[in-house]
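There are 2 protein chains.
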Amino acid sequence: MLYSKMFGKTKKIVKEYNSINATLLQKAGYIDQVMAGTYTYLTLGIRVLTKIENIIREEMNTIGSEVFMPSITPISLWQQTGRFDTVDILMKTTPANKFALAKNDTEYVLNPTHEEVVTPLAQKFFTSYKDFPFAVYQIQTKFRNEPRVKSGLLRGREFRMKDLYSFHTSAEDLKKYYEKSKEVYTRVFKRLGLGKDTVIAFASGGSFTDDYSHEFQTICDTGEDILFFDKKKNIYYNREVAPSKAPVVKYHDEKILPRKDVLGKGIIGVEELAQYLKIPVEKTTKTLIFETDDNRVIAAAVRGGYDVNEDKLRKIVGCKALKLASAETVKKVTKAEVGYAGILGLPENVALYLDESVANRTNFETGANKTHYHSINVNFGRDIPQPEKFYDIKIAKEGDSSPETNEVYEVMKASEVGNIFPLYTKFSEAFNYKFIDKDGQSKPIYMGCYGIGSSRLMGIIVEKYHDDRGIIWPESVAPYKVHLIGLDMKDESIKQRVRKVYKTLEENGIEVLFDDREETTAGEKFSDADLIGIPYRLVVSKRTGDKIEMKKRGQKEMKLLDLTELLTNIE
Amino acid sequence: MLYSKMFGKTKKIVKEYNSINATLLQKAGYIDQVMAGTYTYLTLGIRVLTKIENIIREEMNTIGSEVFMPSITPISLWQQTGRFDTVDILMKTTPANKFALAKNDTEYVLNPTHEEVVTPLAQKFFTSYKDFPFAVYQIQTKFRNEPRVKSGLLRGREFRMKDLYSFHTSAEDLKKYYEKSKEVYTRVFKRLGLGKDTVIAFASGGSFTDDYSHEFQTICDTGEDILFFDKKKNIYYNREVAPSKAPVVKYHDEKILPRKDVLGKGIIGVEELAQYLKIPVEKTTKTLIFETDDNRVIAAAVRGGYDVNEDKLRKIVGCKALKLASAETVKKVTKAEVGYAGILGLPENVALYLDESVANRTNFETGANKTHYHSINVNFGRDIPQPEKFYDIKIAKEGDSSPETNEVYEVMKASEVGNIFPLYTKFSEAFNYKFIDKDGQSKPIYMGCYGIGSSRLMGIIVEKYHDDRGIIWPESVAPYKVHLIGLDMKDESIKQRVRKVYKTLEENGIEVLFDDREETTAGEKFSDADLIGIPYRLVVSKRTGDKIEMKKRGQKEMKLLDLTELLTNIE
Numbered sequence: 075m076l077y078s079k080m081f082g083k084t085k086k087i088v089k090e091y092n093s094i095n096a097t098l099l100q101k102a103g104y105i106d107q108v109m110a111g112t113y114t115y116l117t118l119g120i121r122v123l124t125k126i127e128n129i130i131r132e133e134m135n136t137i138g139s140e141v142f143m144p145s146i147t148p149i150s151l152w153q154q155t156g157r158f159d160t161v162d163i164l165m166k167t168t169p170a171n172k173f174a175l176a177k178n179d180t181e182y183v184l185n186p187t188h189e190e191v192v193t194p195l196a197q198k199f200f201t202s203y204k205d206f207p208f209a210v211y212q213i214q215t216k217f218r219n220e221p222r223v224k225s226g227l228l229r230g231r232e233f234r235m236k237d238l239y240s241f242h243t244s245a246e247d248l249k250k251y252y253e254k255s256k257e258v259y260t261r262v263f264k265r266l267g268l269g270k271d272t273v274i275a276f277a278s279g280g281s282f283t284d285d286y287s288h289e290f291q292t293i294c295d296t297g298e299d300i301l302f303f304d305k306k307k308n309i310y311y312n313r314e315v316a317p318s319k320a321p322v323v324k325y326h327d328e329k330i331l332p333r334k335d336v337l338g339k340g341i342i343g344v345e346e347l348a349q350y351l352k353i354p355v356e357k358t359t360k361t362l363i364f365e366t367d368d369n370r371v372i373a374a375a376v377r378g379g380y381d382v383n384e385d386k387l388r389k390i391v392g393c394k395a396l397k398l399a400s401a402e403t404v405k406k407v408t409k410a411e412v413g414y415a416g417i418l419g420l421p422e423n424v425a426l427y428l429d430e431s432v433a434n435r436t437n438f439e440t441g442a443n444k445t446h447y448h449s450i451n452v453n454f455g456r457d458i459p460q461p462e463k464f465y466d467i468k469i470a471k472e473g474d475s476s477p478e479t480n481e482v483y484e485v486m487k488a489s490e491v492g493n494i495f496p497l498y499t500k501f502s503e504a505f506n507y508k509f510i511d512k513d514g515q516s517k518p519i520y521m522g523c524y525g526i527g528s529s530r531l532m533g534i535i536v537e538k539y540h541d542d543r544g545i546i547w548p549e550s551v552a553p554y555k556v557h558l559i560g561l562d563m564k565d566e567s568i569k570q571r572v573r574k575v576y577k578t579l580e581e582n583g584i585e586v587l588f589d590d591r592e593e594t595t596a597g598e599k600f601s602d603a604d605l606i607g608i609p610y611r612l613v614v615s616k617r618t619g620d621k622i623e624m625k626k627r628g629q630k631e632m633k634l635l636d637l638t639e640l641l642t643n644i645e
Numbered sequence: 075m076l077y078s079k080m081f082g083k084t085k086k087i088v089k090e091y092n093s094i095n096a097t098l099l100q101k102a103g104y105i106d107q108v109m110a111g112t113y114t115y116l117t118l119g120i121r122v123l124t125k126i127e128n129i130i131r132e133e134m135n136t137i138g139s140e141v142f143m144p145s146i147t148p149i150s151l152w153q154q155t156g157r158f159d160t161v162d163i164l165m166k167t168t169p170a171n172k173f174a175l176a177k178n179d180t181e182y183v184l185n186p187t188h189e190e191v192v193t194p195l196a197q198k199f200f201t202s203y204k205d206f207p208f209a210v211y212q213i214q215t216k217f218r219n220e221p222r223v224k225s226g227l228l229r230g231r232e233f234r235m236k237d238l239y240s241f242h243t244s245a246e247d248l249k250k251y252y253e254k255s256k257e258v259y260t261r262v263f264k265r266l267g268l269g270k271d272t273v274i275a276f277a278s279g280g281s282f283t284d285d286y287s288h289e290f291q292t293i294c295d296t297g298e299d300i301l302f303f304d305k306k307k308n309i310y311y312n313r314e315v316a317p318s319k320a321p322v323v324k325y326h327d328e329k330i331l332p333r334k335d336v337l338g339k340g341i342i343g344v345e346e347l348a349q350y351l352k353i354p355v356e357k358t359t360k361t362l363i364f365e366t367d368d369n370r371v372i373a374a375a376v377r378g379g380y381d382v383n384e385d386k387l388r389k390i391v392g393c394k395a396l397k398l399a400s401a402e403t404v405k406k407v408t409k410a411e412v413g414y415a416g417i418l419g420l421p422e423n424v425a426l427y428l429d430e431s432v433a434n435r436t437n438f439e440t441g442a443n444k445t446h447y448h449s450i451n452v453n454f455g456r457d458i459p460q461p462e463k464f465y466d467i468k469i470a471k472e473g474d475s476s477p478e479t480n481e482v483y484e485v486m487k488a489s490e491v492g493n494i495f496p497l498y499t500k501f502s503e504a505f506n507y508k509f510i511d512k513d514g515q516s517k518p519i520y521m522g523c524y525g526i527g528s529s530r531l532m533g534i535i536v537e538k539y540h541d542d543r544g545i546i547w548p549e550s551v552a553p554y555k556v557h558l559i560g561l562d563m564k565d566e567s568i569k570q571r572v573r574k575v576y577k578t579l580e581e582n583g584i585e586v587l588f589d590d591r592e593e594t595t596a597g598e599k600f601s602d603a604d605l606i607g608i609p610y611r612l613v614v615s616k617r618t619g620d621k622i623e624m625k626k627r628g629q630k631e632m633k634l635l636d637l638t639e640l641l642t643n644i645e
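Chains A and B are the protein sequences, given in the same order. With the numbering used here, letter number 321 in the first sequence gets 395, and the count goes up by one each step, no holes. With the numbering used here, letter number 110 in the second sequence gets 184, and the count goes up by one each step, no holes.
Think of the hints as simulated: they come from the structure by calculation, not from any bench. Do not rely on the hints blindly, as some may be mistaken.
Copies of the same chain are indistinguishable here, so a pair counts whether it falls within one copy or spans any two.
Taking lysine to any residue pairs in the SDA-like style, the calculated list, with each CA pair at most 25 Å apart, reads [unchecked claim]:
no.: 1; residue 1: LYS630; residue 2: PRO461
no.: 2; residue 1: LYS626; residue 2: ASP541
no.: 3; residue 1: LYS389; residue 2: ASN453
no.: 4; residue 1: LYS555; residue 2: ILE129
The structure presented is a predicted model; accordingly, all values stated were derived computationally and were not measured.
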């Protein structure tokens, strides 16, 4: 490819975006923002995206068949699973104007994921136990009604994705395939150059199961996820599910003081409260009132400095969904305005769940369940019976330990590059999709889904592989293998020489970007090459004589080679 | 690929769809209808689609750079060209439910074509005369708010398309590129196996130019377009633009009769009227009243049996748009209810355009401009002055001649497989996209757009290449080159033999679909092979001994070959 013919060019000045990938990819001419979260892939960009998708395709072909489902589908499919009215990133299509409305007024779902399409599709073809297991995948554009989109290709309203769905006659068979998929995913990330920094982390399995799902996370300083690593067990957890034990805070030889209620009007945040009461934050307590989907009202308390993890709490409480109680309910239960709830004297029908972080404290604070008041010098056994049990219902934070190994977690930032999710019978049940077993009986079908965001990966690779000059692509996904620079090209003999190199490389099946600009300085060409980040930079100029100068991006060493040596070095 | 692992299977019974392609592609397991006009491509289908798109891609790379623009884009872009409120196949996206609405209430256009995206994109990068000409293309899913979708892959609400856009500094340069694109398109259709039946036809250039656009039309009995072929000039016209001369109808030695007005209450259609008046249809006249965008009211008349071609009429009248006049206007102008308009005694400010088909008649009929009445025995020169000029404002029909060569057209059905369209400055002007010329002046940019519907092509190839047993794919787009059938596979030695053939073919880089089913009869396997339509059918069975039986789809001859001979025959 001639640089002069390429659609999209490097830019000297580019608006600084919130993310490295958006800035570098636009500066180097890979993508162009049409609106927040929505990009055009220019000549260079579509090449990288295609390479990523082809690697994914090759690996997925080992465990599934490729198909291509439509983006717009009937709303009725999404109504059948109850997701049409609840999924908050869901968009639909509608006629754009009155002429369109007159022509066809039907609305369609614009799919962000395809469980609602693939389940009835599979049902049309495969219902005998002999047909199972099977899996299908597609690589496709998806749509999400995202409100905030500021991380370049990492989060888009429109993005590219591989989604695979597997179908099984038992939970065990699903599990077996699920483990196999981990191996295949690991190969994908290895081939994309992310192998050594990509780990499998436990993540939430969603509201229909107590089981985990798994995320493939690339450890990365600019990552938007936080991982908790238990070194002893070699396990990574996404913060959202990390089991946690708070560090024990000890105040030696402390005398048990008389409890009292202190006026603290409008002082609600724990930091502010600790300062006001002149006590450490660790002595404060955060009490929240929740309502469950089965109409229970419960209270949950964590030590000051922590937050309640609703997913953990939900599983312990044993309900399908919970939400913070309304102000009205809070008032009824605590007999106080919102902000003064505490663990003392709650009604008997309000179950109280205490996080382990509130244990092992003396003279601690809690809301007084009295408007404007806080109780201090509260002690278990005296002011409230010693609880039979403490739970883990908090969001883990740095400094916490694994409850199982007592090892203090190593905490790191990471970016999700893929996820795998056991769906069990959630979708097959919604569509009443069953299989006929050997015994003639109709039985439930188990499903799994497996995602990789290909455009997102392009962004993450840039976040991971760059320096202050530009991108440093892994060879497997670089838009071209070689960036050929001709200098002094007004000299006809040099122009001929560089053209010969270009032709020879192409004839040998090597992908080359040839910077054929005649009026650009050497400095600009070198700086563009660093910005674009193609693995091999070759220079032909007066200075290189009959030879070609070769340098790898990200390295300093240069070699002067003749054409034959060059081909050997590159292949 | 093992047949048993393929997602999607042949079906014995399939609903008969309105089109051959929908029926055969679903019966053979290539596609599955999700809703009218929207299909999933199954394992076989995505392979064919990908092959078609790769051929298109290879050819387009010779005249443009690939990019990938987003499907959802800001509404403001479409408002800038005025198309947001007028294009009747345009859809937009909107949040699907109240949670989605709360998250992000912005609506976006779901693009059916990308002029509104590519023009401002090009504007960001290329503004110097040195940058021109250039062209970009993409292969992408498009969306159209189609009301009637009944032709399988030929017309979809969601479909795949290649769209290319070219940019030029002059109309001459656009013309040059436009001619070049015809050559490239011709190569594409040749490679897809449609070469000998695909012709270039003149079609409408749209409302902003008097120029033609060009369609690539594949001649095909089930085609939805009608072509008019002028053999002398070797030119094809789409019916919508075909210049036409009606056959002259002569009634020898006819006496000029006295004109009279005849009561014919409620008799409006020309067939019914001719019968009622006991005259040939050719003696009736159809007169229509139109209003133009510049507020003129005009009358247009064609001979009974013809219809007015509004596009031809618009160009002759010299306005940008016209529509049938309202009942109110018709009454005002003709002083009669709708249905009795005629060419006699129209107000002077209503220009009358007469098609050449109304000339050369004696004693003809026309509406009397009087409710319920028709004038008969009307003659030019006596009842109405002999017109200075007759026009061609009718829709051509079979039997018509080319006005230029007088040759009676050959008329045939065809299916559009591609179109190329000179856009001139329509879109560049809307975005005020100009280039800076050598002289420092800002000058207009000329654009062209060039489409090929890749999924539509898949349907057309099936319409063209099938017999009563199934599809007959051209080799270049067949999902596999070889369909290998194992028979008597319960015999272990035969199973081993057919597996060896499968392995050898795959090792030689030949794409094979291996029907590995053990419980299926030979008859079913043969009939599935014919239905699926892969070019080479191979059989290994007891009967074939050490050899392999080879037969080409669509031919009767069979050969018995050993493995080495087979490889030579296939490669």
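Status of ASN453 relative to LYS389 across identical chains (alpha carbons, at most 25 Å)
Intra 28 Å, inter 93 Å, cutoff 25 Å: neither.
Within, between, both or neither: how does the pair LYS630, PRO461 come out at a Cα-Cα threshold of 25 Å?
neither (64 Å within a copy, 86 Å between copies)
Within, between, both or neither, where LYS626 and ASP541 count as close if Cα-Cα is 25 Å or less:
Answer is within: at 14 Å inside a copy they meet the 25 Å cutoff, but 57 Å across does not.
Copy assignment of LYS555 with ILE129, given that the CA separation must stay at most 25 Å
So LYS555 and ILE129 pass the 25 Å test inside a copy (16 Å) and across (24 Å) alike.
When held up to the earlier numbered hints, the structure conflicts with 1 and 3 and fits the remainder.
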